[in-house]
Amino acid sequence: MDFGSVNQLMKVEKPSRYIGGELNSVTKDKSSVAVRFVLAFPDTYEIGMSFLGFKILYHVLNLREDTWAERTYAPWTDMADVMRKEGMPLHALESGDGLADFDFVGFTLQYEMSYTNILYMLDLAGIPARAADRGEDSPIVIGGGPCAYNSEPVADFFDLIVIGEAEDAINVLLDLYKECKQKGVTKAGFLARANELPYVYVPALQKADKLVTKALIKDLDGVAYPEAFLVPFAEAVHSRAVIELFRGCSRGCRFCQAGMTYRPVREKSEETLLAQAEKIIDATGYDEIGVISLSSADYSRIDSTIEALLAKFSSCGVGISMPSLRIDAFSVGLAEKVQSVRKSGLTFAPEAGSQRMRDAINKNITEEDIFATVDAAIRAGWKNFKLYFMIGLPGEDDSDVVAIADLASRIAEYRVDGKGVNRLTVSVSNFVPKAFTPFQWDAFDDAEELRRKHYLIKHSFRSRKISFSYHDEKLSFLEAIFARGDRSLSAVIEAAYANGCFFDGWGDKFKFDKWLEAFEQCGIDPEEYAYRKFDFLDDLPWDHISCGVDKAFLRAEKKLADELLPTPDCRTAECSACGVCTNLAASNIIADREGNQR
Amino acid sequence: MKIRLMINKPEKLALIAQLEFLKMFERALRRAKLPVALTQGFNTRYKISYLSALPVGESSAGEPVEIDFSTDITVAEVLDKLGSTLPDGFLISRACVLGDKAKSLTTMEQKLDYRMELLLMQDADCAKIEETALRIIAAESFVRSFERKQGVRSFDLAKLISDFRVMAKTEKSMVIEFSICNAGSIMLKPREFIENLRQEALLEAPVEIIAVHRKATTFRNEAGEYVDAMSLC
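The listed protein sequences correspond, in order, to chains A and B.
Everything in the first sequence is counted per this note's numbering, starting at 1 for the first residue and increasing by one.
Everything in the second sequence is counted per this note's numbering, starting at 1 for the first residue and increasing by one.
Honestly, the hints are just simulated from the structure, not real lab data.
Every value quoted in this text rests on a predicted model; they were computed, and no experiment measured them.
Each hint should be verified, as a subset may be incorrect.
Here are a few chain A residues that sit away from chain B, every Cβ distance over 12 Å (derived from the structure) [said to hold, decoys possible]:
1) R17
2) L325
3) D328
4) N384
5) D569
6) E574
Facing chain A, according to a computed beta carbon distance under 10 Å, are these residues of chain B, among others [stated by the list, open to error]:
7) R27
8) V36
9) L51
10) A53
11) L54
12) M108
13) K111
Using N, Cα and C, we set each Cβ at its ideal position, and we do this for glycine too.
Start from the sequences, fold in the hints, and give me the full structure.
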């Protein structure tokens, strides 16, 4: 990479995003490696550098002597202008080599509205967007991540998609690639052989009889985890050490895709977590440790782990953060431990305002639980709260919507021992039905209706302490289309990109009218996709993929949702027969079970 | 105890912003496990003071930094431990224990020595630039105003700029060195000087700055001589 002068980069915002050289970045001799892999994050550097998945893959890939993994991120538009003017292709930060020079370009599919950024990055790299247009010399474009569970709308852009957890799968795949390369096997030959792996989806070769089943790491203690985290010069969204308490969640919230696709629950041992935290802090010098998972307070040894982390690190100015808390007094106690002096604000997600809707989504909390939590938090000294809700859930009516405002108003005015809430932020998102959830057959709520419901909530609050924010229903509408979309949507994504749509997740860059034009150009009715309600017997675009959870279980859960009946957590109650343990020959691993026997 | 040290900002990392530079340094200290004193309060921070912000796009041979330690420590230990934890390219050139009576650097007049590499476009030629610079320096007074985010700032370039030299030149590029003196808290930026040179030389095309490197920062002692920060410990 040569920008000619400092002046070129002085013209762009936050130039340190583009210079590489970060602490713990890996440099290898490119002539001595057999495989060159670039991890491509389809959003900005600050977001990509906070993403744990790429930290893990960067580590796993670079452990291999035969492979050099590098990174690239979507350059902001000012930088893209400089690159185009200078005739410079999108390149990897480590070597500065253009993406076209690599064996693999690996995109993570984190969010439907980042799909156009994949085309933007391929375009900047000079790589054809469609797999069918890429020749033998083009890199293999590979994908993975949560949206891979229904990757049909982007399937035409990928040579290969890995379903599930990639730590072991990617090694098998690279061994195969290296063998093929040494034997002179063509790219098509490699893809045909890769297609024989159970967790590999090759869109061009998919046959009706193959059920692509997710790769699963059964024992997280035994899998490689990065200890020398990359430390960016530019501030990332989250600049901190991260320890992953567990993967999977068995709470069974019926709207939650991660809750279904990451099953079963696999906890790490406390010893592993403490050792990893210490090594990461030693290697990075970060002043914060993020303790993450889908529901951190559910970790069976959370209390003693937090105590041990505080004992070890608080004296040297390293803080602990716990982003996902349950609604209960225990979680308030945990939050109190990690924020021992200043009570900066507590965030909870009741998700629905009425008990009826909370039962429908299997949230398994009552209004009593919510107020007990608020009570405990106010007694402990918190004054500012944030609550997350969803609207547009299946079966919702106006009384459920108004119940959000009602619940929030009562929380805002709640008082105990003369103390109360100072400020309550209510954030409302629009429910988007996702593949592999009990609500996958349901329609996205009408966008006009959502707008009316936002208005209804806004005008039903009875407290001046509340500030209200909500998601743009137009963005959710598009998200809903792609979340349950099929392969014909790839043409729409291409047309939208050609119309100037990228960085769609960034409010000021989102061009809804250009998206509608793209649908029209392709002769596709977007409403048909967003508002379609599938029957149980319909073929779904993602039926050739399996996350391990049985479709019959999802159907049964949908019926229970309609009847407002709960399904208990299989960690503490009986097996809910979701099928994942049988189908993947796995089981929940609980660190604290039977006297710390795992 | 307090230790003053000089840390560089390498040319290849000139685009790092000051806040990013400070974070980088604090993380290196934490990795080195040095007994740095912490501030009180909820957001405990290392007790470190930096003399001035180095703007984005400028590299430096050595910036003075002062660190408070909670226990006694030797300079050798600081150099050794920190030397091994700084990211590639960063170096601590020197360090000294700060005496109780050491004067604060922030109260002293500074002289910043710069080296700049310039690319001259279209109508520009090195001789014109050199001639203009020497004319400004030779003037009794040469006050010019510069627009900044905080408002318009005026500087007398004839008094602030000195030691202008052309170190190398080709037909369309030149390497220059000069010094900027600053007595107050608001400093003239080397980029502002170059832009002013371009305007005074009546050049139409922009002068592109390839590199800005701060070669040395010195301080005026009581005898009126400019000495480095290490001599003032």
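These are the hints, each one checked on the structure:
1. R17: R17/A is in fact no farther than 12 Å from some Cβ atom of chain B, at 9 Å.
2. L325: Holds: least Cβ distance 20 Å, greater than 12 Å.
3. D328: holds, 25 Å
4. N384: holds, 15 Å
5. D569: Non-interface label on D569/A holds, nearest chain B Cβ at 35 Å vs cutoff 12 Å.
6. E574: At about 45 Å from chain B, E574/A clears the 12 Å cut-off, so the statement holds.
7. R27: With Cβ-Cβ at 3 Å, under 10 Å, it holds.
8. V36: holds, 9 Å
9. L51: Since chain A brings no Cβ nearer than about 20 Å to L51/B, farther than 10 Å, the hint is violated.
10. A53: Hint violated; A53/B Cβ to chain A Cβ min 15 Å, cut 10 Å.
11. L54: Because about 13 Å separates L54/B from the closest Cβ in chain A, which is outside the 10 Å limit, the hint is violated.
12. M108: Violated, because the Cβ-Cβ distance from M108/B to chain A comes to roughly 29 Å (cut-off 10 Å).
13. K111: Where the cut-off is 10 Å and the nearest Cβ of chain A is about 23 Å from K111/B, the hint is violated.
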